[in-house]
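Engineer: Protein sequence lines correspond, in order, to chains A and W.
According to our numbering, the stretch in the first sequence is residues 1 to 346, in order.
According to our numbering, the stretch in the second sequence is residues 347 to 648, in order.
Derived from the structure by calculation, the hints contain no laboratory data.
Here the structure is a predicted model, which is why all the values come from computation and not from measurement.
Here a beta-carbon is modelled for each residue, glycine too, at the ideal position from N, C-alpha and C.
There's no promise every hint is true.
Stated by the list, open to error - Not the full set, but computed from the structure, chain W residues with beta-carbon under 7 Å of chain A:
hint, residue
1, Ser440
2, Ala443
3, Gly451
4, Phe454
5, Leu462
6, Val626
7, Val628
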Amino acid sequence: MSLVRRLAEVLAPALLVLATALLALEVSSYLQAYFLDTLIKVAIVVGLYVFIGNSGVLSFGQISFVAVGAWTAGVLTVPRDQKLSVMPGLAHFLVTHNVGNVASLVLGAAVGGVFALAVGLPLMRLSGLAAGIATFAVLEITNNVLTYEQRIGPALNNFSGVPSTTGIWQAAIGALVCIAVAYAYQRTRFGRMLRATREDSAAAAAAGISVYRQRLLSFTLAGALAGFAGGLYVHLQPLAANNLFLDLTFITLAMLVVGGSGSLLGAVVGALAVNGIYSFFTAAVNTVDIFGWHLTVPAGTAEIVLGVLMVVVLIFRPNGITGGREFSLPRRRRPVADLEKARATT
Amino acid sequence: MIVGFLNLTWPTFADALALGGVYALMAVGIGLVFGVLRLVNFAYGQLIMAGGFALAYGTTWNLPTWESILLCYGVVLVLSVLMDRLVFRPLRTSSPAVMLVATFGIAFLLQNIALLKFGPLPRSVGSLALLNAPWDIFGVEIKKIAVIAIITAAGCLVILQLLLTRTSLGLHMRAASMDFRTARLLGVRANRVVGAAVVISGLLAATAAVMLSAQEINITYTFGLQDTIIVLAGVVVGGMNRPVPATLGGFSIGFATGILGGVLPTDKSQYLPSFLFAAVIVVLLVRPNGLFTRGGGAVERV
Chain A
1 MSLVRRLAEV LAPALLVLAT ALLALEVSSY LQAYFLDTLI KVAIVVGLYV FIGNSGVLSF
61 GQISFVAVGA WTAGVLTVPR DQKLSVMPGL AHFLVTHNVG NVASLVLGAA VGGVFALAVG
121 LPLMRLSGLA AGIATFAVLE ITNNVLTYEQ RIGPALNNFS GVPSTTGIWQ AAIGALVCIA
181 VAYAYQRTRF GRMLRATRED SAAAAAAGIS VYRQRLLSFT LAGALAGFAG GLYVHLQPLA
241 ANNLFLDLTF ITLAMLVVGG SGSLLGAVVG ALAVNGIYSF FTAAVNTVDI FGWHLTVPAG
301 TAEIVLGVLM VVVLIFRPNG ITGGREFSLP RRRRPVADLE KARATT
Chain W
347 MIVGFLNLTW PTFADALALG GVYALMAVGI GLVFGVLRLV NFAYGQLIMA GGFALAYGTT
407 WNLPTWESIL LCYGVVLVLS VLMDRLVFRP LRTSSPAVML VATFGIAFLL QNIALLKFGP
467 LPRSVGSLAL LNAPWDIFGV EIKKIAVIAI ITAAGCLVIL QLLLTRTSLG LHMRAASMDF
527 RTARLLGVRA NRVVGAAVVI SGLLAATAAV MLSAQEINIT YTFGLQDTII VLAGVVVGGM
587 NRPVPATLGG FSIGFATGIL GGVLPTDKSQ YLPSFLFAAV IVVLLVRPNG LFTRGGGAVE
647 RV
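Model the full structure from these sequences, guided by the hints.
Structural biologist: Pasting the structure below:
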């Protein structure tokens with residue numbers, strides 16, 4: 001594949017993200033919150049794609065890595081003098097250590113990756129429904145522990161005091177970093193080996209690929225991206241950190257499948273489209289103006305529209321909006337006359 | 347005797363047995379549809395929620411108890427048949443992952459319709475509340491609903507077992523869940539088998555809805571969701587491909603939930619889901635094809 005075509009593949013999703021960020025600069029600060037949220041969703045869904053898209057194995061555990069990353073970045077950035085009032089039971093080690101914004105994101109990624117590796121070591125031996133349910137169990141356990149364990153976070157309180165450092169640029173750059181890492185990974189031999197196991201795991205194993213090892217690598221990388229996205233999330237909506245559970249799991253999976261789980265472009269398009277529509281109808285509860293036309297809908301319309309949309313897309317385009325393909329430049333076809341001439345001369 | 351050690355009491359034991367019974371019914375409901383369609387119906391919990399709301403409306407309209415139970419069965423059956431016609435049938439040939447996500451979509455949709463229509467506040471199923479009164483059995487006070495749930499579950503499972511093993515419809519259903527294509531080649535009618543599975547699964551959902559509503563009384567839009575998640579885990583732990591292992595899996599996880607809830611000291615009881623799901627992970631690692639299955643299972647398709 002030529003360099004131009006390869007560049008186009010990764011630039012298409014990146015430009016979509018950039019366009020979203022530029023659009024966010026133009027809208028009112030009330031609407032801007034929806035755009036920021038969408039950019040974070042892109043980061044989360046791209047992380048999800050790195051494992052599910054490349055391996056073809058369903059995982060419900062991804063949001064637990066997002067939550068762990070959010071907890072790491074959150075706990076380490078609450079100002080020291082507020083820590084004990086926000087989190088009275090916090091372990092001493094965590095009270096005395098603080099880091100900056102970027103360092104908290106990096107640490108979030110590191111903790112997310114290490115946690116995913118620890119979970120993946122036993123679980124990546126499973127496949128099919130057993131893998132799905134086991135990763136679901138991880139999600140339940142993580143949420144249960146984070147909700148009640150006071151030594152590592154605010155437990156039932158919320159993360160007040162976390163600095164809101166995720167603005168448009170941090171969100172956009174964060175999403176772009178995730179896209180770049182995901183693309184780089186799927187072009188490496190490891191990414192290709194994993195994709196081979198997705199298409200036919202028996203044939204891939206026969207060709208000398210360790211299905212377990214490739215899945216574990218991608219699960220760890222996906223966990224690190226999720227932890228990173230969790231850091232972005234907690235710096236945007238610290239008070240909503242306890243939302244990192246079932247609903248987000250389903251909605252991000254839906255984004256991936258609706259966009260097309262087989263491609264990076266699908267992950268990005270799915271996140272943008274689904275969250276865009278969802279945000280539009282959520283905003284419309286308080287009336288939106290579309291070219292001078294006022295639209296007001298009852299609360300809850302967004303969820304219903306989204307549910308119907310998901311089912312309809314899956315029925316009519318089971319491989320998602322993008323069909324699981326990357327963006328490709330239109331090929332120039334040589335006219336038939338040329339071909340015949342070429343054949344005649346040889 | 348196991349009862350009496352730790353702080354396990356007879357009422358806890360009976361409640362655990364009852365929960366196991368109800369979860370076993372849900373497990374069969376999910377397992378039957380999975381058998382013929384290879385579809386994990388995540389929206390099963392929303393059928394139960396709909397049944398719960400039907401019962402609550404029966405109470406609001408002052409219907410006699412049996413009429414509101416009838417209403418519950420009607421609503422759940424109509425909903426499950428609609429689900430099959432509108433969503434499962436067009437998706438019958440797509441990959442299991444797509445079907446699973448489609449059922450997420452339905453679950454999400456139904457839950458939010460309920461939220462929009464009935465609001466976030468709970469509705470009470472007052473007409474069934476008196477079933478929570480205790481019965482004195484050999485000097486032990488056991489809730490009526492626990493006894494009723496155990497008997498109903500056992501009855502349903504026996505009828506189902508007879509249906510699956512003694513009738514031609516049951517034979518067709520078992521054949522279809524072994525190998526759908528071969529079964530069709532041998533003259534099993536696909537729509538009849540799928541329809542039967544969906545209807546039976548709906549009947550079981552309605553039964554579970556009545557039992558769970560009587561226990562919990564307050565119906566909200568999230569009613570049945572957590573139960574379904576636990577049952578799904580139980581079904582996979584037991585072994586998804588056959589009805590009997592699936593039922594045993596559902597029963598075991600319900601029973602374990604009930605016992606854990608009774609045995610855990612109060613300062614640890616908030617960690618009940620962690621204990622339960624840690625056990626699920628351990629069992630899956632040791633027996634990935636199911637706790638109650640024999641030999642190696644077929645390669646799964648998700």
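Engineer: Each hint needs a verdict: does it hold in this structure or not?
Structural biologist: Here is how each hint holds up against the structure:
A cut of 7 Å between beta carbons decides the hint on Ser440/W: the least distance to chain A is about 4 Å, and the hint holds. About 6 Å separates the beta-carbon of Ala443/W from the nearest beta-carbon of chain A, less than 7 Å, and the hint is met. The closest approach between the C-beta of Gly451/W and any C-beta of chain A is roughly 4 Å, which is under the 7 Å cut-off, so the hint is satisfied. A cut of 7 Å between beta carbons decides the hint on Phe454/W: the least distance to chain A is about 5 Å, and the hint holds.
Interface hint at Leu462/W: satisfied, since its Cβ lies 4 Å from the closest Cβ of chain A, which is below the 7 Å cut-off. With 7 Å as the threshold, the beta carbon of Val626/W comes within range of chain A, its nearest partner Cβ sitting at about 5 Å, so the hint holds. Below 7 Å, beta-carbon pairs count as interface contacts, and Val628/W has none with chain A, the closest being about 9 Å; its hint is therefore violated.
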